[in-house]
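All chains should be modelled from the sequences, with the hints used to inform the complete structure.
There are 2 protein chains.
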Amino acid sequence: MAHEKSRCPTGAETLVSSLAASGIDVCFANPGTSEMHFVAALDKINGIRPILCLFEGVATGAADGYARIAGKPASTLLHLGPGLANGLANLHNAKRASVPVVNIVGNHASYHLQFDAPLTSDVAAFARPVSDWVHTSQSARTVPADAARAVQAARAAPGQIATLILPADTAWMPGERASGPLPVSGVTDVSAAAIDQCVAALRSGRKTDILLRGPALTGAGLRAAGRIAAQTQARLFCDTFAPRIERGIGRIPVERLQYRADEVVQQLCAFETLILVGAQPPVAFFGYPGKPSWLTPETCMILTLSHPHEAGSEAVEMLANALGAPEVRLIGSQSNFTLPADDLLTAEAVVQIVACLLPDNSIVADEGLTSTFPNYDLLATAAPHDHLNLTGGSIGGILPLGTGAAVAAPERKVVCLEGDGSGMYTLQALWTQAREKLDVITIIFANRSYSVLNQELERVGVATAGLRARSLFDLRNPEINWVNLAQGLGVEAVSVNNVKEFYDVLSSVFLKRGPFLIEAVI
Amino acid sequence: MAHEKSRCPTGAETLVSSLAASGIDVCFANPGTSEMHFVAALDKINGIRPILCLFEGVATGAADGYARIAGKPASTLLHLGPGLANGLANLHNAKRASVPVVNIVGNHASYHLQFDAPLTSDVAAFARPVSDWVHTSQSARTVPADAARAVQAARAAPGQIATLILPADTAWMPGERASGPLPVSGVTDVSAAAIDQCVAALRSGRKTDILLRGPALTGAGLRAAGRIAAQTQARLFCDTFAPRIERGIGRIPVERLQYRADEVVQQLCAFETLILVGAQPPVAFFGYPGKPSWLTPETCMILTLSHPHEAGSEAVEMLANALGAPEVRLIGSQSNFTLPADDLLTAEAVVQIVACLLPDNSIVADEGLTSTFPNYDLLATAAPHDHLNLTGGSIGGILPLGTGAAVAAPERKVVCLEGDGSGMYTLQALWTQAREKLDVITIIFANRSYSVLNQELERVGVATAGLRARSLFDLRNPEINWVNLAQGLGVEAVSVNNVKEFYDVLSSVFLKRGPFLIEAVI
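Protein sequences appear in the order of chains A and B. Last residue of the first sequence: 522 (our numbering), numbering continuous. Last residue of the second sequence: 522 (our numbering), numbering continuous.
Be careful, since some hints might not be right.
Copies of one chain are not kept apart here, so a pair can be met inside one copy or by any two copies together.
[To be verified] Derived pair list, reagent style EDC-like, types lysine to aspartate or glutamate, alpha-carbon separation capped at 20 Å:
| hint | residue 1 | residue 2 |
| --- | --- | --- |
| 1 | 72 | 411 |
| 2 | 72 | 348 |
| 3 | 512 | 314 |
| 4 | 207 | 189 |
| 5 | 437 | 263 |
| 6 | 44 | 474 |
Because the hints were derived from the structure by calculation, they are not lab data.
Written out as structure tokens, the structure reads:
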């Protein structure tokens, strides 16, 4: 009997085994008491690498970055309602990127909930706004199946947020055998009719352009889009904040939709037909007094080649073939950078130097906002790289995102471009980079303000901002010292305020491995 | 017409006026685009002091601390669903403290929601789990009344979380006149029957003790509780995590319920009758395998003198009077501290030195967990002070809480006792302390681990934690350098690892004003 008992795994152990069997190999964790059995199970069962995050927003943002690069979900481990709450903002970003994530959220033992202890909350209610799938395990016996279903839900095309809530007693009670993986409903093929419709549009003589999102912005899909563009004069666009796009020398250039509604309207004003590949029709990021929300011309016909859950990359290839478009070969070389006469560091100079020095096959995670947005095109001249954006507008996600991307691709260099305001939301990511010795270079654009809000205040029609208002955008008093912050979290750092020095520092850190932060004072 | 127009206030302006008219004078803010009109209105309309926080959890935690000391709500200003999400964990704590808070959460313009722009989310769904009152303004014309109702809801006894969601167009459209304050349903008197019942119990000869929470732990209520204790031999208890309790020399001592369920069971095992004053019956913080959730003996009779929404402090006075209990005068003196022979700094030595040096009428905000909990009694020998606890178990709330308390009482010294793990969740609070020159001393107990989790792992019955599990509680690799972090956020700091130095540093910073951080390496 005692022997029997010792062989019987806990619910938590079957959870870990089942997650591992379904292909989960990383867990970004910030556990608490209710997750202790899960933690113990991580010891006993091989297959999942736990990565400690000092704040839950780091865990969820890292899971997002991991999935964007690995193409499969990581798990997070979060502590009850408040722990999940701290991770919600970056789950919002992940959801908007259609990224798969499996959240494991501990909760009170089921019988303990009725006592309304201080940490009691409606965990499922916290989860729902950001989750495509939410389930609370009812017993240790169902935990393995629940785990397999969570991964199945996360992997459903195009990628979903699955949140499994695990009452502590379902973790510590004796469980069943681990569950194997469940079949995943991957992308579905587009219909021949959708292809035909787009062929007809592109041959119609009407001005027809293409808006791409998802896998069609990478690999074979992107190359096929380039063939179509060369053959038909269609312009290729991507969203303002594409989750992932391949850029750089030799890659098909894709025009980015601008951030400001009126600028997008300018971009799109000549559109007669717009073909969507895994994208939604362009809308304004915010509503502004007297400005439009819907950004394509009213007369523009919108066709869908592929919905987000469909095989967009393959659809673009089929479309290119149907058009008889030949292969395209782009030739380019990395831009040569001449140090400008004016030595003062600007956001433009920073991006230009990054473009010039960026190692081949890097990952650029970009939340530079006012610093990087106007200089986006400069990166097209960099070595081939993946460009990742903050997708949901929930500020501060990029340091965690870059952290997760580096876990997914340890052999690739990750460069985080971050504002000094945005960076403050989840700066704890730097500690995880240091602990895991991740190869992430963080460049902080230190303009000492919420610069985007200064602009936004004018855009919403407020002409006369006084001292009280301006003080809410000003980060000068006191100045944030990013070198101190990084060092406090175990990451080597320097502050740089001239072009030559920035060039030299970046050149040298690109030759090394491990995390590093450069505060670029602009 | 143009003249007419220029005199018509925006919805945002009427919001600010109405909040101010209802007694809101502080706004802990982390605004974004959708809140720009509110920001502009803060300039135009006097009466509300905006305080910038670099993360939303700082704003909500500060509002909690402000209300605990000021006895009235502050407002927060948060940016759409994700901004609110970042503030939820500390709102959970505030809700568990029955503290009044008025959240103003911007949202997309109402007509813009349908376009499902990237920042779109179900803001009300985020708000509900932590809010007692949630409302979305439907028009600029209703904004003033909505604002007045939000403050009314927050101030309803014993204190509530009110969340007002403000679509951007209700802020920018022309509004109505500001609304005046609405009547507040304050505490209600307890019934004579409740008093009589408790008098009878205390005179019955059965062992009868009292558990106090809320205003009865301060001022006249606490003094009256002392009279009852002296007259009847009733022991006075407070919850493990009381929102606010007056302690120190000359004040009535109240026994704290322990954190661990089995220790509480020991404390309560002799109880025959328990009188609740604004408190709930004691329950375990977590459920553990084979351990009880309900902590009073099964045979213990539980009487309610006052519910949380009732006038607990007055009820205790009435009870003392009904018992004919005479005034009690406690005499004591601040403990003298003799530097121990062993110079190694320990958590106990830190708390002892704090107790010895604490200025009169200070505020101690305590989230020291394993460092301060065993040393709680030492603070009873300190000068009179308010002791604030983390009420909801949502880790990391104390740095924001101390920040808000300092805003509410600029003439009082605030001492934050914080763990090095807990402190990492919302360390951005230090920046706000520096900007506002708040008189807060933060003491970080740097034991380089999630020490409480090491203990919890054993308590849940996991005997053999291996490397992977232990790594999730270890903060050594890399070591967090709190001096760097504080300096990075504009707060002066030192690291100390021996008793003499800690004594000297604390003595000197208590003589100065403004924020300071001491990393106490223990």
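Violations among the numbered hints, reported as their numbers in ascending order: Per hint list: 2, 3, 4, 5 violated.
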